[in-house]
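Undergrad: Sequence:
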Amino acid sequence: MTALGRAWRDAQELTARVEGDGEVRALAHPSLVGVPEVGDTVLLNTTAWAQGLGTGGYALVVAVPDRLPPDPTGPGHLVKARYTPLQVSVQGVDEQGTEHHRTIADAEDVAGMPVVVADLHSALPAALIGVLATDPDLRVAYVMTDGGALVAGFSRTLSALAPSLAGVVTVGQAFGGDLEAVTLHTGLLAARHVLGADVAIVSQGPGNLGTGTSWGFSGVAAGEACNAVTVLGGEPVGALRISDGDPRPRHRGVSHHSLTAFGRVALGGVTLVAPRGLGSELGSQVEEDLAGQPQRNRVVWMDVDGLEDALGLSPVPLSTMGRSFPEERAYFLAAAAAGRYAALQVPLD
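Reading the sequence shown from the start, the letters are residues 1 to 349 in full-length UniProt numbering.
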């Protein structure tokens with residue numbers, strides 16, 4: 001290893017020299033592999049890096065063989081990243097004998113909490129901005145599912161947004177949040193009853209997997225997230241993936257992924273929020289795309305006064321699929337509009 005780079009929530013950038021490849025940018029998660037130092041020999045997984053895949057383009061540190069981390073001593077019997085060489089034990093908010101077990105065990109629902117559901121992690125900051133630009137006093141929790149990155153520490157966005165979030169709950173095989181939960185259901189209950197959230201935002205972690213087919217996309221789980229919200233007595237709010245900047249026809253207007261996840265998987269119904277101010281051509285395309293939604297789904301066109309300025313002041317760079325806010329204005333405006341709608345649905349005390 002030749003140099004250290006930036007560090008953030010359980011993540012350390014570094015540069016390593018690999019024979020035949022030269023200098024390689026890599027990322028270590030200290031909770032898994034320890035804290036690397038310049039001069040260390042590191043074992044790298046370059047599978048995604050070699051193919052040019054993966055958010056950030058990193059090789060990933062598997063181990064620092066000559067200086068292994070200490071054995072874990074903390075409590076908790078939830079094993080995440082199960083049956084992989086890097087499986088990790090964490091303490092779950094819902095496990096027996098812990099401070100919040102009784103709270104989660106006794107919780108019946110999320111008391112009408114609005115939940116913004118998005119299929120990509122990049123929607124998170126825009127949805128949060130939409131909530132807080134509408135009512136800055138609301139508490140917002142992020143619930144991260146395991147369709148993308150499993151390690152919450154991979155996301156620089158989460159570190160930058162921490163002051164504005166009530167907390168992060170990692171569910172399923174995802175780990176590294178402020179709270180850990182076994183399922184999305186207990187994660188939502190923890191967001192409401194442990195973190196005291198007024199609004200939750202649910203999405204997969206950074207990165208995603210897609211095959212150019214209707215069903216072969218990790219974000220299809222957004223529809224299942226809506227079902228979990230419905231079962232728990234919350235209000236699912238769909239952050240539509242809208243674009244006029246994506247070169248792929250299947251993602252222009254309302255992406256086929258949004259139409260599949262919300263229209264065919266969310267069987268309990270979901271409120272789909274479309275932003276006003278898209279312009280006549282794109283607005284007409286979105287209206288046409290949403291015309292075929294099942295009766296159980298409600299389409300709401302939301303005023304976006306002030307949201308574009310708020311997005312311009314985002315504490316983190318707004319980027320999706322390598323395109324910035326100006327290039328994907330409609331996408332980020334749609335996520336912010338969903339956040340605004342959710343803020344307006346918070347039950348009055």
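By construction, these hints were calculated from the structure, which means they are not laboratory data.
Because the structure is a prediction, the values reported are computed rather than measured.
Check before you lean on any hint, since a few could be wrong.
[Claimed, not checked] What follows is a list of derived Cβ distance ranges for each label pair:
1. 8 with 71: 19 to 29 Å
2. 214 with 317: 41 to 51 Å
3. 41 with 347: 18 to 28 Å
4. 296 with 248: 24 to 34 Å
5. 71 with 279: 56 to 66 Å
6. 41 with 296: 21 to 31 Å
7. 102 with 43: 24 to 34 Å
8. 317 with 102: 34 to 44 Å
9. 102 with 19: 47 to 57 Å
10. 77 with 279: 29 to 39 Å
11. 303 with 25: 50 to 60 Å
We put the CB at the ideal spot given by N, CA and C, even for glycine.
Undergrad: Hint by hint, say whether it matches the structure.
TA: Consistency of the hints with the structure:
1. 8 with 71: 19 to 29 Å: holds, 25 Å
2. 214 with 317: 41 to 51 Å: violated, 30 Å
3. 41 with 347: 18 to 28 Å: Hint violated: Cβ distance 56 Å, outside 18 to 28 Å.
4. 296 with 248: 24 to 34 Å: holds, 28 Å
5. 71 with 279: 56 to 66 Å: holds, 58 Å
6. 41 with 296: 21 to 31 Å: Violated: the Cβ-Cβ distance is about 57 Å, outside 21 to 31 Å.
7. 102 with 43: 24 to 34 Å: The hint (24 to 34 Å, Cβ to Cβ) is violated, given that residue 102 and residue 43 are roughly 42 Å apart.
8. 317 with 102: 34 to 44 Å: holds, 41 Å
9. 102 with 19: 47 to 57 Å: holds, 55 Å
10. 77 with 279: 29 to 39 Å: 53 Å Cβ-Cβ, so the 29 to 39 Å window is violated.
11. 303 with 25: 50 to 60 Å: violated, 43 Å
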